[in-house]
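Asker: Here are the chains, one letter per residue:
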Amino acid sequence: MKAASGSAAEGGFDMEASIIACARGERAALHAIYQREAAQMLGVARRMLRRQALAEEAVHDTFVLVWRQAATFDQARGGGRTWIYAILRNRSLNILRGEKRTELIEDYEPLGLTSEEESPEGAMLRLSETGRLKSCLERLEPLKRTAIVLAYANGLTHGELAGRFGVPLGTMKSWIRRALLTLRECMA
Amino acid sequence: MSAQDLTPEDFDRLAAEHVLGLLDADEEVRAAALVKDDPAFRAAVEDWRARFAELDATALPLEAPDALLARISATLDATPAAAPEAEVERARLRSVETPAGTAARPATLPPLVPSPAGAFSALWRNLGFWRFASFAGAAATVLLALGVIIGPLGRGPAPAFVAVLMSPQGEPAAVVNAFADGTAELIPLRTIPVPEGRTLEVWTLWDPARGPVSIGLTGEARTIRLNLRDLPRTAPNQLFEITLEPQGGSPVGRPTGPVLMKGTTSVAL
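As they're listed, the protein sequences go chains B and V.
The first sequence lines up with residues 1 to 188 when you count with this note's numbering.
The second sequence lines up with residues 189 to 457 when you count with this note's numbering.
The hints are simulated quantities; they were obtained by calculation from the structure and are not laboratory data.
Keep in mind the model is a prediction, meaning the values are calculated, not measured.
Glycine included, each C-beta is placed from N, C-alpha and C at the ideal position.
Derived DEER-like restraints, expressed as beta-carbon distance ranges:
#1 V/395 x B/186: 43 to 49 Å
#2 B/186 x V/195: 17 to 23 Å
#3 B/24 x V/231: 23 to 29 Å
#4 V/396 x B/12: 41 to 47 Å
For the chain V half of the interface with chain B, some residues (derived, Cβ under 10 Å), not all of them:
#5 204
#6 205
#7 207
#8 208
#9 234
#10 235
#11 236
#12 237
#13 244
#14 247
#15 249
#16 252
#17 257
#18 261
#19 264
#20 446
Isolated chain B (complex conformation) (with noise of 0.2 Å):
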């Protein structure tokens, strides 16, 4: 698996030039960004949206924004799979939280799959040894660190969160608060 930070060239693939590409019109440089990417987004979407077809919908439109606004992209703000990732997560969060919400409690669901793969704990598993946000939020309390892994993977809101552990809203929170001045100054 690639390294997630994700910037320069690996394994001879460029990222940012591929989207400086993009901004020139190479049509060519957006599919060798779907190949080498979109697998892997598709699964990020489908975590939070738990249906393939919004997750396609998702990636659909995070490509035809890469294509569109390539020429925004700024090298010296950050790395390009930051990029693109920031913008996949903005538009499955749109689709989570608003224009498709009625499409989501639909009863249209695939069956059962709904997974110990996509859970908070089969995340941390997952977690590269190697990174430092496995150790950081490992220094979390158990269930602060699966609230922040829920928000981030899921896309739960505070709400949900308070609802899934039966805390108040306000103590979720903190809960959060608190997990991220961690989580901070343990990523310094």
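With the hints as your guide, set chain V onto chain B.
Answerer: Frame of chain B, contents of chain V only:
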């Protein structure tokens, strides 16, 4: 609305919760304004993105279909960047989506220009429309199933339940007839391309606690008998689906491949 009245702690917390997607509407407006105007805030957001990025690698990758890339290309071809409509669409998308972006949130979106082409593409993208279309298709197919399939076979047993399986595109793709004696059959309504070394596997979900149960394998889209005898009697609203699996069927006893079609049973009249 500047960063001045925020403590450093709150400033960073706002950036982190913006990245997590946890901000309420008011705070999100504030964060979006800071992203636009405050380089220090942008840097804080970028730092949090980089910190959490490792979690993106923990999602299980899914097969990226060529059809999706084709759809992306079609969207780009259909809206050349120079067209005014595309500009509006671009502005609209940018205002919501750009991560290190320039503007506010959905409430402040300019409305889409109601050009005929725009209206068509909006309709094309509208899942609600497709949902309606798929229900209309399902209804038509149920009538078809009742009229065509049951009618001529009237001498045989009539199914107690019928499920119309819909493709992800919302088109009727197969019919499952479940008979009162516990037998069932699957009748495809369209051909399904099956790659070399793969097979179609039919599943039903009778009990969510038990999970999906395999009830049939077929190498191609043709009418097959399904084995429901080991299962409790088929019930209304029972799910059936077909996934693409490795030759010989899913090795783990539950669906692993993409869902090609699915649908739930209705009582046959």
